[in-house]
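Please work from the sequences and hints to get the whole structure.
Which chain is which? The protein sequence lines are V and Y, in order.
Count along the first sequence from 1, then add 23; that gives the number in the working numbering.
Count along the second sequence from 1, then add 94; that gives the number in the working numbering.
Where hints are given, some of them may not hold.
[Said to hold, decoys possible] Each pair of labels, with its calculated beta carbon distance range: (1) G225/Y <-> G240/V: 56 to 66 Å; (2) R128/V <-> G176/Y: 29 to 39 Å; (3) A223/Y <-> R37/V: 21 to 31 Å; (4) A48/V <-> T284/Y: 51 to 61 Å; (5) P114/V <-> G278/Y: 42 to 52 Å; (6) S33/V <-> H124/Y: 24 to 34 Å; (7) A141/Y <-> P114/V: 37 to 47 Å; (8) G176/Y <-> S135/V: 37 to 47 Å; (9) T109/V <-> G269/Y: 52 to 62 Å; (10) R132/V <-> A223/Y: 36 to 46 Å; (11) T284/Y <-> P114/V: 30 to 40 Å.
The hints are simulated quantities; they were obtained by calculation from the structure and are not laboratory data.
On a predicted model such as this, the values are computed, not experimentally measured, just so you know.
We put the beta carbon where it would ideally sit given N, CA and C, even for glycine.
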Amino acid sequence: MSAGPHSRTSSRDRILARVRSAVAAAPEAPVPTRDYLTTHTPDDPAAVLDLLHENLADYRAVVHRTTADELPLLLMRLLAYRGSATVLVPPGLPPEWLSAADATRIHDRSVSTAQELDAVDSVVTGCALAIAETGTIVLDAGPGQGRRRITLIPDHHICVVRVPDQVVASVPQAMPRLDPTRPLTWISGPSATSDIELDRVEGVHGPRTLEVVLLQG
Amino acid sequence: MSGTYLGMPSFPEAAKEAVHNVTLRANLRHATHTIRDKRALAVAELADWAELREAGKQIKDHTLRYLDRYLEQLETAVTEAGGTVHWAADAAEANRIVAGLVKATGEREVVKVKSMATQEIGLNEALEAEGISAYETDLAELIVQLGDDRPSHILVPAIHRNRGEIRDIFQDRMGSWGRPAPDGLSDNPTELAEAARLHLREKFLRAKVGISGANFMVAETGTLVVFESEGNGRMCLTLPETLISVVGIEKVVPSWRDLEVFLQTLPRSSTAERMNPYTSMWTGTADADGPQSFHLVLLDNGRTNALADEVGRQALRCIRCSACLNVCPVYERAGGHAYGSVYPGPIGAILSPQLRGIQSEIDASLPYASSLCGACYEVCPVAIDIPEVLVHLREKVADQGGKGHRLEKAAIKAAGWVLDHPAALAAGERAASRTRRLHPRKLPGAGAWTADRELPELPAESFRDWWKRNRT
Chain V
24 MSAGPHSRTS SRDRILARVR SAVAAAPEAP VPTRDYLTTH TPDDPAAVLD LLHENLADYR
84 AVVHRTTADE LPLLLMRLLA YRGSATVLVP PGLPPEWLSA ADATRIHDRS VSTAQELDAV
144 DSVVTGCALA IAETGTIVLD AGPGQGRRRI TLIPDHHICV VRVPDQVVAS VPQAMPRLDP
204 TRPLTWISGP SATSDIELDR VEGVHGPRTL EVVLLQG
Chain Y
95 MSGTYLGMPS FPEAAKEAVH NVTLRANLRH ATHTIRDKRA LAVAELADWA ELREAGKQIK
155 DHTLRYLDRY LEQLETAVTE AGGTVHWAAD AAEANRIVAG LVKATGEREV VKVKSMATQE
215 IGLNEALEAE GISAYETDLA ELIVQLGDDR PSHILVPAIH RNRGEIRDIF QDRMGSWGRP
275 APDGLSDNPT ELAEAARLHL REKFLRAKVG ISGANFMVAE TGTLVVFESE GNGRMCLTLP
335 ETLISVVGIE KVVPSWRDLE VFLQTLPRSS TAERMNPYTS MWTGTADADG PQSFHLVLLD
395 NGRTNALADE VGRQALRCIR CSACLNVCPV YERAGGHAYG SVYPGPIGAI LSPQLRGIQS
455 EIDASLPYAS SLCGACYEVC PVAIDIPEVL VHLREKVADQ GGKGHRLEKA AIKAAGWVLD
515 HPAALAAGER AASRTRRLHP RKLPGAGAWT ADRELPELPA ESFRDWWKRN RT
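As structure tokens, this is what we get:
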């Protein structure tokens, strides 16, 4: 490295000294006030769920509602409809979820390369939580979700949200429930671009199809 | 700043060319009007927008006041989470650090997620000089890079290009960078996005080094945050073995909770969405998930100069949403290139002269690249009073002197004397009214002002005379 420890230290000290002298004469700045709302939604679980459904769909995620009993059949149907022969499975995914699916299970091993994962048709995961007001699912790489790359490379992602315990109304309600030491991925609808004349086009690099299953009961 | 910006003409000169380009004006008008209308709807959904804006402003002001403390806290947190922190006083030092880090991996190519900071320091060119190829992976940045062009908007760098131009660039240039565009590529946005997907995927899947910026850094936890839409960010942030993030020192916020404000205001202000499709947050390195080597380069490059200016420092609150560009009547007509900086529009007009100083012709002209209509202040989600800073910077430019400013000063001085002597003013007004047919249509010495403006017609009688006749 051309910048040795000595020059690093001196730049660090120089920048911090410049900062200190720049603000030396500035008045003290108080702790910020937070007069904004913690939620914009009535405290009614059914209304929050409907809002989540509506906002997910508005950003072109495909939304399904089901129960624990019917989940395996639904997942089988979604994979079959898509013609998926292979499905990525995070290590901690409840085994019964895919008990009815025909697709071959693929596991993300430490030796698997990105190219190998690129050949997989679909991925099924859980999530850390979902935010109704923004139509967002948040993944925190927990056991039912796996590494960040498995929900990125395949073109089809099915994400299961447990209702009501994984659903919050708003962003301020989500923050205290998330652990910043884990890698976090916030997903609102499938990959999209608006770079060409601001026309929204789904799917550039991330999965072009996002299906969210709201699992009740 | 990147070498392509050196020797830029002053804003009025650069803008003159742009306003005569009919395609450019049409592309810009369509884009800015579409996005500003959508943004108004997205903002109207939140009843507490004013309170969120105030909280964002206060969080940023508080951070800037104690920036030294928060930077040190950030450094500790990132280091404890397994990252390495580097400090770069200027562009040259930042480029040297990054090039050194890339070389240490033995790699000769890197994938980049769009980053204003790395454009500001001209990183791609610096890496190229060291024999390292840097691939931009944001669709708009790719269009700019393949077209050997410059970005013209903070959020949509290729806003000045329409679909036909983009198709031509892809067809002509993709092949020389990697996978060529498919035969018979049309100008349909879906097909164009697909071509970009195929072209870039081979780069993502083999990349060993990723380079990013960050929208926010959290001092308390050492977390970095990148907002994006396409998934190119996720690719760059998670697939490579080494990740290098170059981030301006003003991007730090004190606490994890502070993000809840910007997670609500940034997407709605920038892409006019409730939330952008992807936001990635990472803290140092994680076991077997993502890059196992993480470097954070903290960049000053003029930011401490801006911080030292008590009026101008509010520009450092900027979260790069670009709402101010989309409402600006001057940006809409002049386009981003006229500003001669990676930061165009109203925010660029106050940021660039502070980061770079006002010595050059372009930087001295930027505080005047505005009609001071105030629309930029209205939409700013962190309440930067851009008109206030523009006027403040104009004062600095005027103090610096120069031909125009000497004339202006003499005129103001004379006007001051006349206004202090009412009899002289009354006599002057009367004389002006009586001789009005003899007045020239253009003022000598004020050509820059009168070239595009009609001089006001003088009334046949001064107000004082009229008042005397009618009211006394």
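ask   = Which hint numbers doesn't this structure obey?
value = Structure breaks hints 6, 8, 9.
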